[in-house]
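Chains as they are written, first to last, in the UniProt record's numbering: chain V, 1 to 246; chain U, 1 to 270.
Honestly, the hints are just simulated from the structure, not real lab data. Where hints are given, some of them may not hold.
[Stated by the list, open to error] Just a few of them, taken from the derived set where beta-carbon distance is under 8 Å, the chain V residues facing chain U:
| # | residue |
| --- | --- |
| 1 | 10 |
| 2 | 50 |
| 3 | 51 |
| 4 | 54 |
| 5 | 60 |
| 6 | 61 |
| 7 | 66 |
| 8 | 68 |
| 9 | 72 |
| 10 | 77 |
| 11 | 82 |
| 12 | 91 |
[Stated by the list, open to error] Distance condition first, Cα-Cα at most 20 Å in a straight line; then the derived SDA-like pairs of lysine to any residue:
| # | chain 1 | residue 1 | chain 2 | residue 2 |
| --- | --- | --- | --- | --- |
| 13 | V | 114 | V | 84 |
| 14 | U | 166 | U | 140 |
| 15 | U | 166 | U | 80 |
| 16 | V | 67 | U | 123 |
| 17 | V | 67 | V | 137 |
| 18 | V | 63 | U | 162 |
| 19 | V | 67 | V | 114 |
| 20 | V | 74 | U | 30 |
| 21 | U | 166 | U | 135 |
| 22 | V | 114 | U | 162 |
| 23 | V | 63 | V | 158 |
| 24 | V | 67 | U | 206 |
| 25 | V | 67 | V | 167 |
| 26 | V | 114 | U | 211 |
| 27 | V | 63 | U | 161 |
| 28 | U | 166 | V | 76 |
| 29 | V | 62 | V | 27 |
| 30 | U | 166 | V | 13 |
| 31 | U | 166 | U | 81 |
| 32 | V | 114 | U | 262 |
| 33 | V | 74 | V | 97 |
| 34 | U | 166 | V | 77 |
[To be verified] Label-pair ranges, simulated between beta-carbon atoms:
| # | chain 1 | residue 1 | chain 2 | residue 2 | range |
| --- | --- | --- | --- | --- | --- |
| 35 | U | 167 | V | 64 | 19 to 25 Å |
| 36 | U | 52 | V | 37 | 40 to 46 Å |
| 37 | U | 76 | V | 110 | 24 to 30 Å |
| 38 | U | 211 | V | 39 | 39 to 45 Å |
| 39 | U | 123 | V | 51 | 44 to 50 Å |
| 40 | U | 76 | V | 113 | 34 to 40 Å |
We treat Cβ as the ideally placed atom computed from N, Cα and C, and that holds for glycine.
Listed below are the residues making up each chain.
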Amino acid sequence: MSLVSVEGLSVRYGANTVLHRVDMTIEPGEIVTIVGPNGSGKTSLLRAIIGATRPVAGRVVKKPGLKIGYVPQKLHIDPTLPISVERFMRLTNRVSQQHCVDALDSAGVPDLLKRQMSQLSGGQFQRVLLARALIDRPDVLLLDEATQGLDQRGSAAFYQQIEAVRRETGCAILMISHELHVVMSASDRVICLNGHVCCEGSPAVVASAPEYRALFGTGTGGALALYRHHHDHHHDHSEDPKEAAQ
Amino acid sequence: MLDDFMTRATLAGVGVAFAAAPLGCFVVWRRMAYFGDATAHAAILGVALSLTFQMSIFAGALAVALVMALTVTLLAGRGYAMDTLLGVLAHSALAFGLVAVSFLSGVRIDLMAYLFGDILAVSRADLAVIWGGAALVVALIAWRWSQLLTATLNEELAYASGFDPKREQLILTLALAVTVAVAIKVVGVLLIAAMLIIPAAAARSLARSPESMALIAAVIGAFSAVAGLRSAYVFDTPAGPSIVCVAAILFACLSFIGWRSRHGARFILF
């Protein structure tokens with residue numbers, strides 16, 4: 001069975017419908033990327049999957065005993081809170097120190113164990129978050145704009161790390177990103193979201209979907225040529241949740 | 001031993017310091033300083049109510065502090081910013097409390113005793129309430145320590161780890177109400193927030209882990225209580241404010257030492 005299956009999910013904040021009947025699944029071992037413009041409900045979808053947002057309709061079905069590793073979009077640690085990398089990693093996971101060392105190794109940042117979180121650079125911080133998410137050997141890893149604040153080289157290296165993690169541990173990965181070219185080449189499947197699922201397909205198929213172009217323009221060039229989409233539904237904007245809400 | 005009022009006062013001060021230390025750390029980390037203030041101000045309304053209905057001050061203050069804390073938690077994020085909401089509720093509660101007290105004819109109330117505390121008048125029964133409340137708060141926070149820390153770091157991280165950060169917030173809120181209620185006699189409504197924040201903030205420059213920060217804050221708070229009472233006795237100054245003054249001086253010294261060690265030898269000549 002699927003690790004996670006989202007069925008007819010609708011999420012509303014006040015009068016504002018941010019997700020409208022979204023269906024999607026995550027299968028074991030695959031890398032799925034959600035792309036979409038700002039306000040398209042990407043983060044809400046992820047929040048609904050971890051149970052932080054209660055849907056108004058539909059449901060999220062998780063495989064029994066599913067272990068989720070979560071890498072948040074941004075994690076601000078107040079400078080008044082002293083905490084070492086080791087303490088942070090062992091906060092909710094009852095794991096040995098050796099486990100922490102291994103997880104930091106596989107996230108590409110060995111030797112940080114005794115450092116204070118406040119002393120880390122942006123890149124190191126994100127990798128420690130990744131290591132923390134991996135420590136409990138999750139079945140699925142969720143990343144919410146995990147490369148925010150990293151430069152291009154940094155985020156390319158980060159995605160390579162993600163692919164390495166999948167190769168080594170076989171865990172499924174669901175990520176949100178706005179860095180279309182980097183992300184899509186690493187993905188098995190791309191879901192284009194704009195309140196609802198606009199289009200979905202493998203990046204081996206070229207990205208020529210009109211909905212996709214409508215959202216991101218055609219200027220993004222060659223990288224998008226990897227992604228093709230079989231246009232199977234009519235785009236009726238009267239159903240667009242943003243317009244419907246106004 | 002408990003017959004001596006100074007001994008009782010010292011024990012009361014140390015009890016409050018122990019409860020305030022770990023809770024104060026969370027107040028500092030989560031930037032809830034104003035939340036502690038607001039809960040404390042609301043407690044004066046509780047004092048007025050308990051005098052009206054002739055129940056214990058502790059019960060009245062606890063009830064109002066709880067209602068206040070829960071109201072704020074519920075209303076947060078619904079239209080008004082948190083600090084606006086707290087400002088409205090805290091000062092309204094304080095004003096209603098003061099007005100309510102003025103209606104109490106025939107009862108002579110020393111309002112100053114509730115605003116600034118009257119630690120020297122602590123009775124054995126008060127001592128039991130203070131230490132009972134402090135033990136409850138410390139036990140509650142110790143029990144939920146990892147979850148509270150995770151929820152403080154990041155809400156989504158808490159959800160992904162399988163627990164509800166709103167419940168953890170509620171636990172902190174309850175602990176805060178209990179602390180305010182037990183501390184009202186010791187340092188008074190106006191200085192409770194000081195006992196929460198100053199020892200925790202002073203501990204920061206020495207601490208390398210969240211746990212050590214809470215422990216160091218407890219030591220600083222307890223020392224402030226003992227030294228503050230002693231100096232109040234020697235210099236004939238008000239007891240509650242003297243405790244806070246000692247804590248504030250410790251904060252200044254420790255912050256300076258922390259700053260010096262961070263900036264290394266360049267400033268060693270100063």
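Pair hint outcome, residue 166/U versus residue 13/V [Cα-Cα no greater than 20 Å]: 17 Å, holds
Distance restraint between residue 166/U and residue 77/V, which requires alpha-carbon spacing of 20 Å or less: 18 Å, holds
Pairwise hint evaluation, residue 97/V against residue 74/V, where the allowed Cα distance is 20 Å at most: At roughly 25 Å apart (the allowed maximum being 20 Å), residue 97/V and residue 74/V break the hint.
Distance restraint between residue 67/V and residue 114/V, which requires alpha-carbon spacing of 20 Å or less: 27 Å, violated
Hint status (Cβ of residue 77/V to nearest Cβ of chain U, threshold 8 Å): Holds. Min distance 6 Å.
Whether the CB-CB distance between residue 76/U and residue 110/V falls inside 24 to 30 Å: Distance hint for residue 76/U, residue 110/V is violated at roughly 41 Å.
19 to 25 Å as the expected CB spacing between residue 64/V and residue 167/U, which holds or is violated: Holds - the Cβ-Cβ distance for residue 167/U and residue 64/V, about 24 Å, lies within 19 to 25 Å.
Restraint status (C-alpha distance of residue 63/V to residue 162/U at most 20 Å): 15 Å, holds
Straight-line alpha-carbon gap residue 63/V to residue 161/U, limit 20 Å: 16 Å, holds
Hint check: 8 Å Cβ-Cβ cutoff, residue 10/V to chain U: 19 Å, violated
Pair hint outcome, residue 114/V versus residue 262/U [Cα-Cα no greater than 20 Å]: Status holds; Cα separation ~18 Å.
Residue 51/V as an interface hint toward chain U, with CB separation required under 8 Å: 5 Å, holds
In terms of the numbered hints stated before, the structure departs from hints 1, 4, 5, 6, 7, 16, 19, 21, 22, 23, 24, 33, 36 and 37, listed from lowest to highest.
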